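Line by line, the protein sequences are chains U and D. Numbered according to my numbering, the first sequence spans residues 1 to 113. Numbered according to my numbering, the second sequence spans residues 114 to 225.
Hint data in this document are derived by calculation from the structure and do not stem from the laboratory. These figures come from a predicted structure and were not determined experimentally. Glycine residues also receive a C-beta, built at the ideal position from the N, C-alpha and C atoms. Don't take each hint at face value.
Some chain D residues flagged as far from chain U (calculated, every beta-carbon gap over 12 Å) [unchecked claim]: (1) I125; (2) Q131; (3) V132; (4) S146; (5) E165; (6) Q169; (7) F182; (8) P183; (9) N184; (10) A193; (11) S212; (12) R221; (13) V225.
Each pair of labels, with its calculated beta carbon distance range [claimed, not checked]: (14) U:P82 with D:E166: 43 to 49 Å; (15) U:G16 with D:E165: 47 to 53 Å; (16) D:A115 with U:L11: 29 to 35 Å; (17) U:E2 with D:R176: 20 to 26 Å; (18) D:H180 with U:Q105: 37 to 43 Å; (19) U:L11 with D:E165: 41 to 47 Å; (20) U:E79 with D:G153: 24 to 30 Å; (21) D:L152 with U:E2: 20 to 26 Å; (22) D:S140 with U:G55: 31 to 37 Å; (23) D:S212 with U:N3: 15 to 21 Å; (24) D:L195 with U:E15: 29 to 35 Å; (25) D:L195 with U:E79: 41 to 47 Å; (26) U:T69 with D:D210: 24 to 30 Å; (27) D:S212 with U:L11: 24 to 30 Å.
Chain by chain, the residues run as shown.
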Amino acid sequence: GENVEQHPSTLSVQEGDSAVIKCTYSDSASNYFPWYKQELGKGPQLIIDIRSNVGEKKDQRIAVTLNKTAKHFSLHITETQPEDSAVYFCAARLGGGAQKLVFGQGTRLTINP
Amino acid sequence: DAGVTQSPTHLIKTRGQQVTLRCSPKSGHDTVSWYQQALGQGPQFIFQYYEEEERQRGNFPDRFSGHQFPNYSSELNVNALLLGDSALYLCASSWGDSSVAFFGQGTRLTVV
Numbered sequence: 001g002e003n004v005e006q007h008p009s010t011l012s013v014q015e016g017d018s019a020v021i022k023c024t025y026s027d028s029a030s031n032y033f034p035w036y037k038q039e040l041g042k043g044p045q046l047i048i049d050i051r052s053n054v055g056e057k058k059d060q061r062i063a064v065t066l067n068k069t070a071k072h073f074s075l076h077i078t079e080t081q082p083e084d085s086a087v088y089f090c091a092a093r094l095g096g097g098a099q100k101l102v103f104g105q106g107t108r109l110t111i112n113p
Numbered sequence: 114d115a116g117v118t119q120s121p122t123h124l125i126k127t128r129g130q131q132v133t134l135r136c137s138p139k140s141g142h143d144t145v146s147w148y149q150q151a152l153g154q155g156p157q158f159i160f161q162y163y164e165e166e167e168r169q170r171g172n173f174p175d176r177f178s179g180h181q182f183p184n185y186s187s188e189l190n191v192n193a194l195l196l197g198d199s200a201l202y203l204c205a206s207s208w209g210d211s212s213v214a215f216f217g218q219g220t221r222l223t224v225v
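Looking at chain D on its own, in the form it has when it is part of the complex (with noise of 0.2 Å):
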């Protein structure tokens, strides 16, 4: 059973540029949530989606968007990028409303 499977792993961009990172859940689940985690940092909310549906937001501006796709795989959109956004950026899956979430290995992000 594939757990959470995040793409790519490692990734540089040029501030300014636009990126757009993968996620693909857990068997069986249909919610994804991302979260941001700078370095010596917990992670940090950024939103969650199901049924398609960005269902909450975190404190994070509009240059950060989503997408799910009918195969519960989602998207996480970071245009505009600025130095601040180098982070590791982990997906998290889960069933439904339950609480219980499984994170990816993340995608780490670097701005230059």
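Chain U with its partners taken away, still in its complex shape (with noise of 0.2 Å):
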């Protein structure tokens, strides 16, 4: 069945570095894949998303990128802030008109001031 892996589990980094998470999915049909934040107590929030037909997307801090023929997808951090610590989910949708997301594990981002 449809399935997605991410790693790392937890991540610490110091103020002003960068962060890298790596997602791998199973299913080639996948043609949606979100980033989400969560924080303590709450939903999670999307904060950048990407589609098949794209490699690579950026928003200011935030990138993601895609690779199709390898089945992974990454959220690259940027100058990272002390409100960027959460956790991190991603996610696939199938394709074939199926409507769900399938999450990944999570990764809990901690940034050292």
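Combine the two chains into a complex, taking the hints into account.
This is the structure we're talking about:
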């Protein structure tokens, strides 16, 4: 069945450094890949997404890259700030009319001042 | 513009009881999906409602049921609660076949 693997499970970086979170998916028909940020006690917040016909997308300090051949996609956060500390989830939407998002297990990102 | 709103925010129920959770989608959205998020895990898809019909269902037992109203709001019902049903229940709304989904703050359900 469909599966999304996310690594690492925890990540600690110094303020100002970059952070990278990686995901792999199993279903080659997947066509949409969002990233969500979840702070304590809150629901997931969509921060960036990419579709299968695009290789890279950037929004200020956040970028996402997609390698369809390898079935990998990654989140890159540059110039990290304390407010970037949260749990980040990648997800994949299957193709073929499927509606559900399949989520990775999450990465707890801590930014050290 | 109000985002996705869920009620209640917290709920404690006894094993064997039934519970109803509610969701109002983001303005302009007509599709509601429900997810279960266990502690330390990613959200798991329960089902999705569109045009008042269940459009797709995840791997959850029939104890989990739902409904969508003409104003696009939705309810999630869980019968015969088990301790393992304790989780954060998330509602996400989207428009038609759009992939872009926005989540509410969730309902924290504790079964004792």
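Comparing the hints with the structure gives:
| no. | hint | verdict |
| --- | --- | --- |
| 1 | I125 | 17 Å, holds |
| 2 | Q131 | 24 Å, holds |
| 3 | V132 | 18 Å, holds |
| 4 | S146 | 7 Å, violated |
| 5 | E165 | 15 Å, holds |
| 6 | Q169 | 5 Å, violated |
| 7 | F182 | 19 Å, holds |
| 8 | P183 | 20 Å, holds |
| 9 | N184 | 21 Å, holds |
| 10 | A193 | 24 Å, holds |
| 11 | S212 | 4 Å, violated |
| 12 | R221 | 9 Å, violated |
| 13 | V225 | 20 Å, holds |
| 14 | U:P82 with D:E166: 43 to 49 Å | 45 Å, holds |
| 15 | U:G16 with D:E165: 47 to 53 Å | 50 Å, holds |
| 16 | D:A115 with U:L11: 29 to 35 Å | 33 Å, holds |
| 17 | U:E2 with D:R176: 20 to 26 Å | 23 Å, holds |
| 18 | D:H180 with U:Q105: 37 to 43 Å | 31 Å, violated |
| 19 | U:L11 with D:E165: 41 to 47 Å | 42 Å, holds |
| 20 | U:E79 with D:G153: 24 to 30 Å | 28 Å, holds |
| 21 | D:L152 with U:E2: 20 to 26 Å | 23 Å, holds |
| 22 | D:S140 with U:G55: 31 to 37 Å | 33 Å, holds |
| 23 | D:S212 with U:N3: 15 to 21 Å | 19 Å, holds |
| 24 | D:L195 with U:E15: 29 to 35 Å | 43 Å, violated |
| 25 | D:L195 with U:E79: 41 to 47 Å | 46 Å, holds |
| 26 | U:T69 with D:D210: 24 to 30 Å | 26 Å, holds |
| 27 | D:S212 with U:L11: 24 to 30 Å | 26 Å, holds |
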